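For the record, the sequence lines run as chains D and B.
Residue numbers for the first sequence follow this note's numbering, so the first one is 1 and each next one is one higher.
Residue numbers for the second sequence follow this note's numbering, so the first one is 1 and each next one is one higher.
It is worth saying that the hints were derived from the structure and are not from the lab.
Watch out, some of these pointers could steer you wrong.
No copy is singled out in the list; a pair is fine if it fits within one copy or between any two copies.
Claimed, not checked - Once the Cα atoms are required to be at most 25 Å apart in a straight line, the calculated SDA-like pairs of lysine to any residue come out as:
1) K153 <-> A56
2) K153 <-> A127
3) K55 <-> A207
4) K55 <-> G132
5) K66 <-> A45
6) K66 <-> R44
7) K52 <-> C203
8) K52 <-> T64
9) K66 <-> L47
10) K52 <-> G197
11) K66 <-> M228
12) K66 <-> E48
13) K6 <-> A213
14) K6 <-> K52
15) K153 <-> A143
16) K153 <-> D195
17) K153 <-> G210
18) K153 <-> G132
19) K66 <-> G40
20) K52 <-> D68
21) K6 <-> I160
22) K55 <-> R179
23) K66 <-> R175
24) K214 <-> E145
25) K52 <-> P226
26) K214 <-> A71
These numbers were taken from a predicted model, which means no experiment stands behind them.
Here is how the chains run, residue by residue.
2 protein chains.
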Amino acid sequence: MDDTIKSAVLPLSGGMDSATVLAIARSQGYRVHALSFDYGQRNRAELECAAKVAKAQGAVSHVTVKVDLSAFGGSALTGDIPVPKGVGQPAGIPATYVPARNTVFLSLALAYAETLGTGDIFIGVNALDYSGYPDCRPEYIRAYETMANLAVKQAVEGDIRITIHTPLIAMTKARIVGRGIELGVDYSITLSCYDPGPEGLHCGRCAACGLRAKGFAEAGVADSAPRMAYND
Amino acid sequence: MDDTIKSAVLPLSGGMDSATVLAIARSQGYRVHALSFDYGQRNRAELECAAKVAKAQGAVSHVTVKVDLSAFGGSALTGDIPVPKGVGQPAGIPATYVPARNTVFLSLALAYAETLGTGDIFIGVNALDYSGYPDCRPEYIRAYETMANLAVKQAVEGDIRITIHTPLIAMTKARIVGRGIELGVDYSITLSCYDPGPEGLHCGRCAACGLRAKGFAEAGVADSAPRMAYND
Numbered sequence: 001m002d003d004t005i006k007s008a009v010l011p012l013s014g015g016m017d018s019a020t021v022l023a024i025a026r027s028q029g030y031r032v033h034a035l036s037f038d039y040g041q042r043n044r045a046e047l048e049c050a051a052k053v054a055k056a057q058g059a060v061s062h063v064t065v066k067v068d069l070s071a072f073g074g075s076a077l078t079g080d081i082p083v084p085k086g087v088g089q090p091a092g093i094p095a096t097y098v099p100a101r102n103t104v105f106l107s108l109a110l111a112y113a114e115t116l117g118t119g120d121i122f123i124g125v126n127a128l129d130y131s132g133y134p135d136c137r138p139e140y141i142r143a144y145e146t147m148a149n150l151a152v153k154q155a156v157e158g159d160i161r162i163t164i165h166t167p168l169i170a171m172t173k174a175r176i177v178g179r180g181i182e183l184g185v186d187y188s189i190t191l192s193c194y195d196p197g198p199e200g201l202h203c204g205r206c207a208a209c210g211l212r213a214k215g216f217a218e219a220g221v222a223d224s225a226p227r228m229a230y231n232d
Numbered sequence: 001m002d003d004t005i006k007s008a009v010l011p012l013s014g015g016m017d018s019a020t021v022l023a024i025a026r027s028q029g030y031r032v033h034a035l036s037f038d039y040g041q042r043n044r045a046e047l048e049c050a051a052k053v054a055k056a057q058g059a060v061s062h063v064t065v066k067v068d069l070s071a072f073g074g075s076a077l078t079g080d081i082p083v084p085k086g087v088g089q090p091a092g093i094p095a096t097y098v099p100a101r102n103t104v105f106l107s108l109a110l111a112y113a114e115t116l117g118t119g120d121i122f123i124g125v126n127a128l129d130y131s132g133y134p135d136c137r138p139e140y141i142r143a144y145e146t147m148a149n150l151a152v153k154q155a156v157e158g159d160i161r162i163t164i165h166t167p168l169i170a171m172t173k174a175r176i177v178g179r180g181i182e183l184g185v186d187y188s189i190t191l192s193c194y195d196p197g198p199e200g201l202h203c204g205r206c207a208a209c210g211l212r213a214k215g216f217a218e219a220g221v222a223d224s225a226p227r228m229a230y231n232d
């Protein structure tokens, strides 16, 4: 064990971004408490990957919280809307957007951080290759931080400041991959796909698989994660 | 049915405040979608009261979302910390504070509102008789609203503005009771107690029961909700 005492909470999805953030937070000396969400996502393999990543990258704990977002419907990631595939996807915010997802996840992270007595929350949002989600932008994160510092006991009555750390926010996917490789991230156990095959294989054709492939290609690194064979 | 088309989401607890807000929102012409939270609270009778209130006060729908806050511990309302009773309770934010509770609830309401295509969210927070919770203050609500308008697709790309309506925020408990009585709220089916008896009876001695009793007394109205008999 190292002798640092700073603790942080990290929403951990099982994808490559939050795995990289876990490695970055560890490299900055944080004891990282990983927090995953079972929100009715149809990609169930994601939760198994999150557990593997938490262990492989040295999180001090990993909790999965059930939040039943599927009761609301409204997204291809939780409901019956098909995941868009291939080229020619419509511009703007995609169907895979989950309403208020980062707001819900950060709020649960904020609650968890308070029980741990820390104000440090890391999140793997990315504003460059961000797929059009409004809750990945810097202005959103700043507004969230302002709100959070007015919301919780430890910030309002205590001397803890809530900080939302977003080390990936200005990075390209290629830089994320490069930084992760430097820090020893094992990307073979991460899963980015919106609609993976039955064994948790990447489909290779959704927007998330496309961004991932672009990132590895531009970083000049081979992607070791398993991918489905297809021939259309 | 009336011919209004405005929809709103309301976090509904089963207590007197959110019951009153439901009646106020209805009086303003809103179709109210009530949203309750099963967050591991030890007061389970609260959820049954919420269902009764939603029906009695004319909500168009009522959904209960499970969110497992009890995994975090940290509050007398979800964990093993005893609920403080009687006079001489410590100053400041009490042990019954649930970390980031309104932030978590508003965030789920924000997600639900987006699936309904509305930006109107009502919440029964009260800054006067507020029991010391930081997430009941006007500055918190304003910061939440700012954040929410940067968070969701319908506000960022669409023309819907997120508005957090807090009709009770500057009212005393006595005014809340008075306004509710005017609007026909049936307070006998509401439950305010932090630690009710097995049949959902008010304990009469916790901070929430104290505030409720004060409100009815000052409004000059008898409280018709059932209360435990005790003789100490």
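Verification of the hints:
no.	hint	in the structure
1	K153 <-> A56	neither (33 Å within a copy, 35 Å between copies)
2	K153 <-> A127	between (30 Å within a copy, 15 Å between copies)
3	K55 <-> A207	neither (27 Å within a copy, 43 Å between copies)
4	K55 <-> G132	neither (31 Å within a copy, 39 Å between copies)
5	K66 <-> A45	both (15 Å within a copy, 21 Å between copies)
6	K66 <-> R44	both (13 Å within a copy, 18 Å between copies)
7	K52 <-> C203	within (20 Å within a copy, 47 Å between copies)
8	K52 <-> T64	within (13 Å within a copy, 32 Å between copies)
9	K66 <-> L47	both (11 Å within a copy, 18 Å between copies)
10	K52 <-> G197	within (18 Å within a copy, 44 Å between copies)
11	K66 <-> M228	neither (29 Å within a copy, 34 Å between copies)
12	K66 <-> E48	both (14 Å within a copy, 21 Å between copies)
13	K6 <-> A213	neither (34 Å within a copy, 44 Å between copies)
14	K6 <-> K52	within (23 Å within a copy, 46 Å between copies)
15	K153 <-> A143	both (18 Å within a copy, 16 Å between copies)
16	K153 <-> D195	between (40 Å within a copy, 22 Å between copies)
17	K153 <-> G210	between (42 Å within a copy, 22 Å between copies)
18	K153 <-> G132	between (34 Å within a copy, 9 Å between copies)
19	K66 <-> G40	both (8 Å within a copy, 11 Å between copies)
20	K52 <-> D68	both (23 Å within a copy, 22 Å between copies)
21	K6 <-> I160	within (12 Å within a copy, 40 Å between copies)
22	K55 <-> R179	within (19 Å within a copy, 55 Å between copies)
23	K66 <-> R175	neither (32 Å within a copy, 38 Å between copies)
24	K214 <-> E145	neither (31 Å within a copy, 36 Å between copies)
25	K52 <-> P226	within (15 Å within a copy, 51 Å between copies)
26	K214 <-> A71	neither (34 Å within a copy, 38 Å between copies)
Of the numbered hints stated above, those contradicted by the structure are hints 1, 3, 4, 11, 13, 23, 24 and 26, listed in ascending order.
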